[in-house]
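Protein chains: 2
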Amino acid sequence: MIRANDNYNKLKASYLFSDIAKKVDEYQQKNPGAQIIRLGIGDVTRALVPAVIKGFHQGVDEMANDATFRGYGPEQGYDFLRQTIAKNDFQDRGADISADEIFVSDGAKCDTGNFQELFATDIKLAIPDPVYPVYLDTNVMAGRTGEFEDGRYNGIVYMDCLKENNFLPRLPDESVDLIYLCFPNNPTGSTATKAELKVWVDYAKENKALILFDAAYEAFIREEPLPRSIYEIEGAKEVAVEFRSFSKTAGFTGTRCGFTVVPKECMVFNSKGEKIFLHAMWNRRHTTKFNGVSYPVQKAAQAVYSEEGKVQVKQQIDDYMNNADIIRKTVASLGFDYVGGKNSPYIWVDGKDRDSWDFFDLLLTKAGVVCTPGAGFGKCGRQYIRISAFNSLENVILAMDKLKEALTGRSSAK
Amino acid sequence: MIRANDNYNKLKASYLFSDIAKKVDEYQQKNPGAQIIRLGIGDVTRALVPAVIKGFHQGVDEMANDATFRGYGPEQGYDFLRQTIAKNDFQDRGADISADEIFVSDGAKCDTGNFQELFATDIKLAIPDPVYPVYLDTNVMAGRTGEFEDGRYNGIVYMDCLKENNFLPRLPDESVDLIYLCFPNNPTGSTATKAELKVWVDYAKENKALILFDAAYEAFIREEPLPRSIYEIEGAKEVAVEFRSFSKTAGFTGTRCGFTVVPKECMVFNSKGEKIFLHAMWNRRHTTKFNGVSYPVQKAAQAVYSEEGKVQVKQQIDDYMNNADIIRKTVASLGFDYVGGKNSPYIWVDGKDRDSWDFFDLLLTKAGVVCTPGAGFGKCGRQYIRISAFNSLENVILAMDKLKEALTGRSSAK
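So the sequences go chain by chain: C and B.
Residue 1 is where the first sequence starts when you use our numbering, and the numbers rise one by one after that.
Residue 1001 is where the second sequence starts when you use our numbering, and the numbers rise one by one after that.
Worth double-checking, as some hints may not be accurate.
[Said to hold, decoys possible] Some but not every residue of chain C turned toward chain B, in silico, with C-beta under 8 Å:
1) VAL44
2) MET63
3) ASP66
4) PHE80
5) GLN83
6) LYS109
7) THR138
8) ASN291
9) TYR305
10) LEU393
11) GLU394
12) ILE397
13) LEU398
14) ASP401
[Stated by the list, open to error] Across the chosen pairs, the derived CB separations fall in these ranges:
15) B:LYS1087 x C:GLN28: 19 to 29 Å
16) C:GLU238 x B:LYS1366: 45 to 55 Å
17) B:VAL1199 x C:LEU171: 22 to 32 Å
18) C:ASP318 x B:GLN1315: 21 to 31 Å
19) C:LYS163 x B:GLY1143: 24 to 34 Å
20) B:LYS1087 x C:ILE36: 46 to 56 Å
21) C:GLN28 x B:GLY1146: 49 to 59 Å
22) C:ASN270 x B:SER1175: 28 to 38 Å
23) C:GLN35 x B:ASP1100: 25 to 35 Å
24) C:LYS264 x B:GLY1033: 48 to 58 Å
25) C:LYS264 x B:ASP1355: 13 to 23 Å
Quick caveat, the hints were computed from the structure, so don't treat them as lab data.
Every residue gets a Cβ at the ideal spot worked out from N, C-alpha and C, and that includes glycine.
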């Protein structure tokens, strides 16, 4: 008899963002005339920049002729892209990462979801709360948790990120083996300084732990002393894997490209306590279960780093961050506490006595604004909502006006 | 202490096609002047057809404007593509598959590798030998095998595909839960009739087993009564999942698109013996660990089914099959037994007393022709090589001439 992976039973029925999409669709169907502004899922709205479009088209053109056609590429990505990434994102910032430590993929969701396959089933995990649900859900599927009880899975060390600790995870009291960190954080938008990350790197070294560092939002960091990569911290290469994405950096959510950095000295241990290098393991996983990213997409990604590409992409991020400013000011003017929005496209708003799904429903039905209910990111998010800056300036202004009206009965529209 | 997934230790050091690429590179470096013709990895060589290029460019153009830009798409694929696939590949051939049973992905390698995640670890697997190595390797990683001994993993039921059984797997003597089948077969090129597949569907129903059916090469079927999909067999929807790819059908090896069909009635069982529907499980997996295929790539895939696309793609496949004819005739004229090449781009050549890696080395060093050593596909392949028809007509003619010369000392070149 073919038996199912019973761990799937432990999962809540569906993925957060699918739930939200469904709720919004239902509302739209019931209210066909209603204008809905989406500041929820965290999806970019602006077109790919001209430099990227040019690179993308060039890649497609090369596929049109036998002489320049590309079949299977290297599973790890083309060298032209790996070199470009290593230089621009790491070496130029003093992080000693080489091209062959970069594994190009179709996005950070896949990589952060798949990476746990390299570890034993009975390791101890530390996961922030609130956080991007993929870290947790993929470990549930793999059998690394007990049942879901009172909003949490048994067996996981949750690191509460609340106002009192500035939304930064604290070192766990009990010993853990695998630590997920995400800075700038999704959903709170909080960031960590070099000194704060150093604490984690030191912990990992002392405890033979490993850090999975999600830096998908690094392009939104405005305050220059903040680290953009964990490899800006001395010693991190032995104990940290980093995930990056072009999704938010360059509007690739529908184009699909990201990468994972696995330094050659990064290690785990076998059951005898002997060192095993993760680079070889991830390489084996990547070559066995993945066949590389579409060639024209890799050409498009390379163009992000061209002179024009850099300027154009920076402008787009500046525009989104201008939206973030508007959102921050609005929620502050309405008397809400918030965090984020300064080095991150997300604003994490404290709804106080409101349940986050109720707050979500209120904003959807009264303002036509879609946010993300904090509960979807964990128990510590139950009184928060996440508002995303990814939309046009016009829509953000309109959404903030509708939000004001819904919550105060007053409109700032002239 | 962060411990590794020890199952990775059981794997042979690297993936077959990476090994071959390395050997070829080494030979090329030692012999920089040598012409090498690649009939090994099974990678297409011909440009994407004009209709596909047009769809691809259109998709990129839509990404260039805010008004038509696409961010995150449905993880399962856009409805325009799922509808097109369901109609053309299934409904038009009498297989009752609907659009929402199609899960679009970045390729069949990922899907055939990932699908095993849905099952319990201690199920019993039946895998043909020889076969595409991904089925086996991904189950080794997941801990469904014992150690590798004498060319085989303990705990797997290998289904020998040899000359005496016409290279078709036989029903296993012991009860199995999960059965991998691949027709037209990679690497042997053998096919199964409807009656032959019916035996497997009946077996699966009687034994509450599940079939994972890899139909990546269906477009190469020339003999019309042969089924192209397992869903042409009555009752298959309850017991079979099917994998498809645009890689070989339309030259997408470097473009990346495929799909998996999970019928809504297809089921597995929980530990209590209760039915669980795979459609919901795969949907949960797909939405949690995958973020959809690049929008322009989906537009390119849709164009495969346009009127011009169909004609152009068929011509390309006809050309490859003409190459297959030439290869078949050459190996026959040299006195080798072979199978395949009639409804498949692969010719499986019996080297008789030659070890397959020796045969590979001989053809590489004496003829400059890259084939795939049969041993890479399993123990039953140890005296075979796989020759692929994916190359230009000129290269195939030249390769066959060099092969003749290397093996007989005579050349047919004028």
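Hint by hint, here is what the structure shows:
| no. | hint | in the structure |
| --- | --- | --- |
| 1 | VAL44 | 5 Å, holds |
| 2 | MET63 | 5 Å, holds |
| 3 | ASP66 | 5 Å, holds |
| 4 | PHE80 | 14 Å, violated |
| 5 | GLN83 | 18 Å, violated |
| 6 | LYS109 | 5 Å, holds |
| 7 | THR138 | 6 Å, holds |
| 8 | ASN291 | 5 Å, holds |
| 9 | TYR305 | 18 Å, violated |
| 10 | LEU393 | 11 Å, violated |
| 11 | GLU394 | 11 Å, violated |
| 12 | ILE397 | 16 Å, violated |
| 13 | LEU398 | 16 Å, violated |
| 14 | ASP401 | 21 Å, violated |
| 15 | B:LYS1087 x C:GLN28: 19 to 29 Å | 27 Å, holds |
| 16 | C:GLU238 x B:LYS1366: 45 to 55 Å | 47 Å, holds |
| 17 | B:VAL1199 x C:LEU171: 22 to 32 Å | 60 Å, violated |
| 18 | C:ASP318 x B:GLN1315: 21 to 31 Å | 49 Å, violated |
| 19 | C:LYS163 x B:GLY1143: 24 to 34 Å | 42 Å, violated |
| 20 | B:LYS1087 x C:ILE36: 46 to 56 Å | 31 Å, violated |
| 21 | C:GLN28 x B:GLY1146: 49 to 59 Å | 54 Å, holds |
| 22 | C:ASN270 x B:SER1175: 28 to 38 Å | 34 Å, holds |
| 23 | C:GLN35 x B:ASP1100: 25 to 35 Å | 29 Å, holds |
| 24 | C:LYS264 x B:GLY1033: 48 to 58 Å | 34 Å, violated |
| 25 | C:LYS264 x B:ASP1355: 13 to 23 Å | 34 Å, violated |
The structure fails hints 4, 5, 9, 10, 11, 12, 13, 14, 17, 18, 19, 20, 24, 25 (numbered hints given earlier, in ascending order).
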